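Q: Sequence:
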Amino acid sequence: MNLKHWTICFIALFIGLEASAQNDRQKVLEQQRLEILREIESINELLFGTKDQKSSLLTKVQSLDQKIQSRERLIRLTNQQANYLTREINKNINTLDQLQQELKKLKEDYAAMIVQSYKSRSEQSRLMFILSSENFLQAYKRLQYMKQYSQFRREQGLEIEQRKQELRALNELLLRQKSEKEQLVIESRAAKAKLDQERKDQEVLLAELKKDERTYTAQIKERQKEATRIEREIDRLIKEAIAAANKASGSVTKSASFELTPEADALAVDFKNNKGGLIWPVANGRV
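Residue numbers (the working numbering): 166 to 452.
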């Protein structure tokens with residue numbers, strides 16, 4: 166085997182080894198590309214849900230919004246009730262003041278009546294009061310007056326007792342209303358505190374959701390960028406392999422052609438007429 170054949174074999178072997186190396190590199194890159202695509206798909210699932218997880222989170226946020234609105238309505242209603250009770254308490258206080266003034270007047274009248282009754286409490290004085298009348302009609306009127314006076318005194322006592330009961334009932338009502346107002350204020354404050362906490366929880370959920378979305382979006386962009394880089398690298402290797410194959414193919418064709426000596430070239434020009442004069446491929450002889 167001469168040098169030309171060795172050259173051809175060496176070039177073919179080199180092309181084969183180069184092609185094999187590029188093919189292995191291409192397989193590695195393709196595996197990396199597929200792995201990145203799987204990562205992108207996985208991150209997409211985290212970004213958009215599973216749909217159930219995303220729906221659940223949005224449902225929680227919507228539920229918190231509804232609770233916040235309900236709490237705000239409760240606070241407004243509680244404040245309205247507290248304001249109403251305040252007005253009622255103020256009205257009852259005014260009524261209580263009026264009743265106290267009336268009771269004071271009744272006590273004064275009753276005290277005056279008791280004094281007068283004490284002065285004329287003896288039966289003899291009463292009888293003399295009647296007998297001292299100028300005529301029968303006057304005596305009759307005095308007797309009726311004494312009866313009415315006694316009845317009035319009893320009624321005055323009953324009215325005073327009734328007023329006392331009204332005052333006691335009103336005081337009890339005021340105390341209950343006051344207690345109800347204080348309880349409503351406590352409930353209003355508790356509802357407000359719970360509202361603030363729920364609002365904070367909502368803000369935390371929304372912040373976490375936005376943070377996750379930004380993180381996952383950035384990761385997807387990074388993976389897509391890496392996948393694009395690998396695809397370009399694969400394309401470059403394929404183009405280099407094709408170019409190398411074309412170049413090697415041209416070299417082999419050129420190396421495989423025979424170069425003729427001047428004598429052989431002259432004989433090859435007119436091969437038919439040189440019959441019997443061709444050079445013998447050994448040391449002696451003619452063809």
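Please keep in mind that the hints were generated in silico from the structure rather than gathered at the bench.
Where hints are given, some of them may not hold.
As a list, the in silico EDC-like pairs of lysine to aspartate or glutamate whose alpha-carbon atoms are at most 16 Å apart [unchecked claim]:
1. K269 - E204
2. K329 - E373
3. K365 - D230
4. K359 - D230
5. K225 - E337
6. K192 - D400
7. K232 - D366
8. K386 - D230
9. K270 - D230
10. K270 - E320
11. K232 - E405
12. K386 - D262
13. K357 - E195
14. K270 - E204
15. K225 - E331
16. K390 - D262
17. K269 - E326
18. K225 - E368
19. K256 - D366
20. K343 - E237
21. K390 - E195
22. K357 - D230
23. K390 - E200
24. K359 - E237
25. K192 - E373
26. K225 - E398
27. K256 - E331
28. K346 - E204
29. K272 - D230
For clarity, every value in this text was computed on a predicted model and none was experimentally measured.
Q: Work down the list of hints and note, for each, if the structure agrees.
A: How the hints compare with the structure:
| no. | hint | verdict |
| --- | --- | --- |
| 1 | K269 - E204 | violated (92 Å) |
| 2 | K329 - E373 | violated (66 Å) |
| 3 | K365 - D230 | holds (12 Å) |
| 4 | K359 - D230 | holds (13 Å) |
| 5 | K225 - E337 | violated (46 Å) |
| 6 | K192 - D400 | holds (12 Å) |
| 7 | K232 - D366 | holds (12 Å) |
| 8 | K386 - D230 | violated (33 Å) |
| 9 | K270 - D230 | violated (60 Å) |
| 10 | K270 - E320 | holds (15 Å) |
| 11 | K232 - E405 | violated (66 Å) |
| 12 | K386 - D262 | violated (79 Å) |
| 13 | K357 - E195 | violated (59 Å) |
| 14 | K270 - E204 | violated (94 Å) |
| 15 | K225 - E331 | violated (54 Å) |
| 16 | K390 - D262 | violated (85 Å) |
| 17 | K269 - E326 | holds (12 Å) |
| 18 | K225 - E368 | holds (12 Å) |
| 19 | K256 - D366 | violated (43 Å) |
| 20 | K343 - E237 | violated (24 Å) |
| 21 | K390 - E195 | holds (15 Å) |
| 22 | K357 - D230 | holds (14 Å) |
| 23 | K390 - E200 | holds (14 Å) |
| 24 | K359 - E237 | holds (11 Å) |
| 25 | K192 - E373 | violated (40 Å) |
| 26 | K225 - E398 | violated (46 Å) |
| 27 | K256 - E331 | holds (15 Å) |
| 28 | K346 - E204 | violated (61 Å) |
| 29 | K272 - D230 | violated (62 Å) |
Checked against the numbered hints above, the structure violates hints 1, 2, 5, 8, 9, 11, 12, 13, 14, 15, 16, 19, 20, 25, 26, 28, 29; every other hint is satisfied.
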